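Generate the whole structure from the sequences, applying the supplied hints.
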Amino acid sequence: MKIHEYQAKEVFADAGIPVPEGQVATTPAEAFEIAQKVNRPVMVKSQVHVGGRGKAGGIKYAENAENAKILAQKIVGMDIKGLEVKKVLVTVAEDIISESYVGIILDRATKKPVIMVSPAGGVDIEEVAAKTPEKIFKLHVDPVKGLRPFQARNLAYKLYRDIAQVRAAADIIMKLYDVFWSKDCSLVEINPLITNTNGDVIALDAKINIDDNGLYRQKAIAAMRDIDAEEPAEVEAREADLSFVKLDGYIGCIVNGAGLAMATMDLVKKYGGEPANFLDIGGSSNPQKVVSAVKIILDDPNVRAILINIFGGITRCDDVANGIVAAFKQLNPSVPVVVRLTGTNEKEAYKILQSVNLPSADTLDNVVKKAIELAGTA
Amino acid sequence: MSIFINKKTKLIVQGITGRDGSFHAKQMKEYGTHVVAGVTPGKGGTKINSIPVFNTVEDAVKATGANASVIYVPPAFAIDAIYEAVDAGIKTVVCITEGLPANDMMKVYPYVRENGARLIGPNCPGLISPDQSKVGIMPGSIVKKGGVGVVSRSGTLTYEAIWALTCEGMGQSTCIGIGGDQVIGTNFIDCLEAFQADNSTKAIVMIGEIGGSDEEEAAKFIKKNVTKPVVSFIAGQTAPPGKRMGHAGAIISGGSGTAADKIKALNKAGVPVAGSPTEIPGLLKDLMKKSKAKPANKAAVKKAAAKKTTAKKTAPKKSAAKKPAAKKTTAKGKKKK
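Protein sequences, first through last, are from chains V and X.
Once you know that position 378 of the first sequence is 411 in our numbering, the rest is easy, because the numbers rise by one and skip nothing.
Once you know that position 79 of the second sequence is 291 in our numbering, the rest is easy, because the numbers rise by one and skip nothing.
The set of hints was computed from the structure by calculation and includes no laboratory data.
Among the hints, a few may not be true.
[What the hints assert, rightly or not] A few chain X positions that, by computed beta-carbon distances, are all more than 10 Å from chain V:
1) PRO313
2) LYS357
3) ASP410
[To be verified] Sample of chain V residues at the chain X side, in silico, Cβ under 7 Å:
4) LEU139
5) LYS144
6) LYS240
7) ASP244
8) LEU293
[What the hints assert, rightly or not] Take a look, some chain V residues computed to stay more than 10 Å from chain X by CB distance:
9) PRO166
10) VAL368
11) THR375
This structure is a prediction, so every number in the text was calculated from the model and none was measured.
Note that CB positions come from ideal geometry on N, CA and C, so glycine has one too.
Structure (structure tokens):
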């Protein structure tokens, strides 16, 4: 799960990481008020879940409150990489002397958190990483031992010469690691970490992604989820405990397992169709999940056929079949549905399905071809 | 033989009284696995499908001499279940449960290793060595004893590949689903290494998916160390970047971890990548025939190559001869069940 910059800064501030004063606004009037209270030049920053906001024109400098209001008017409602801006963060515009980068992510290969720092922070960090990788310093942290203060200092020396700034940065790195660990983050990032004219070290930006598997014990962060910033069908699917991603095609897919769901989409494309979605009903399925899945797919007006592909393991085909029958009773689908159920309790499943008399296919390739055929042409 | 589990495996089921635990304990037992005990705190002294239930893993191990464990407990307790199994001296721990926090997994992983144990999963279907033992949730009805080792990051997609092999008469030595999470106990390379060393495995199928760089790492390993024929399939060729496709692992980010990258790396290592799971058996047969024709091909590991030529003489001959007819039926997606 992603949270916005202003929310990440709240988490940082709670952890004792210095961030510039600021508040979030949804209207130009609110932006005006916040800027007036700050009583200094401010930055008006769009709050959307994508990178490169600055380059897209979603981050602007405002001399005064009146200016902040005008900019907020422009930025709220703006489209950045397909996402509509609904909130802006109005925050003190610091006088920047230097820009560094600090980030922590989970490194799959070593199965350890890796801290990355660079004295060349700012908007071009990806280019720095690609062209001058020697300017990026990495430290893999032993997850059992944790991050030691000397390790944080060693990294901080790569960023600053001034000893007070080294200490400040080391302190920030320690606290950032603590946030990463204690909040179940999959990524925390400060870009840029700046020094200002007073010599203070400040997190000018903040980015936090949370490991979905840790959300059950991160109630405060889970409550930060911004449903407005997400696809409505995806929100509905999550509430039904389905894994769903909306795509642009016309073959609705209901599959068990992420790998098989992706492979099914790949075959839809291979045989000349276009998948309308990725949908994984997950492991031990209860019939209600299938009903929710059918409903979500039927809500998409582009869908011309539904393909249900289940290879039973922990998922029992009879459960799915019961769900399909229930879905037919409750939703009476207007588009053709083709099924393929194989594996655990397959025979029982087809017996249950006799009551709805659906076209079925025996193999993955055949069910895909059948769905494309039934979808016809628009 | 097989890898990781065999006829001698004595299994305990952690979470045996839950819906999934009890269902699959029964299925495993029916398949022929020695399911010697179950564990559910507070249910000790009872029986499920005539399997004795214990309060702790330690008690279960003491009473039965179990050497492997499979975990079906809910995610909030699954990490603890792994520690408990390892502390009780279990050497093969298979975690079926999905939804384990990555941070906890990062701490468990080194602990398991330091104690000389192997963790498979989490969020995986487990493994099966046909006619010997099944640990996890793979349907026993789709496998057939034979010489193909199957390793996969996926669950149900693995079944698809296994079924395709079985339909073409290509049996399996061991089929293993390693799980799609970011931090997993056993990875592709661990399995490839074990399959390469296993005499009963004549060829290998590796099922990958988008995200991370495990397939690329595996490709490098294959080129250097694997002399047996390997065929692959990569799921997620049509997945849009930046979108999470269910598995914690299946996300393409920053232009890396794409299916195209992985296919390129695998092809470079001499591994053909199938366009559909049903194409896997045909590709494998072609490759086995070819590698038999010129065994001098990439003899990076000399002793393994030597082993291979002796082992190879007998088994794949038949399937290679049968190949043309069999291939035609694959193309039509023939299935008998």
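Now for the hints, and whether the structure bears them out:
| no. | hint | result |
| --- | --- | --- |
| 1 | PRO313 | 4 Å, violated |
| 2 | LYS357 | 19 Å, holds |
| 3 | ASP410 | 24 Å, holds |
| 4 | LEU139 | 6 Å, holds |
| 5 | LYS144 | 5 Å, holds |
| 6 | LYS240 | 13 Å, violated |
| 7 | ASP244 | 5 Å, holds |
| 8 | LEU293 | 4 Å, holds |
| 9 | PRO166 | 14 Å, holds |
| 10 | VAL368 | 21 Å, holds |
| 11 | THR375 | 7 Å, violated |
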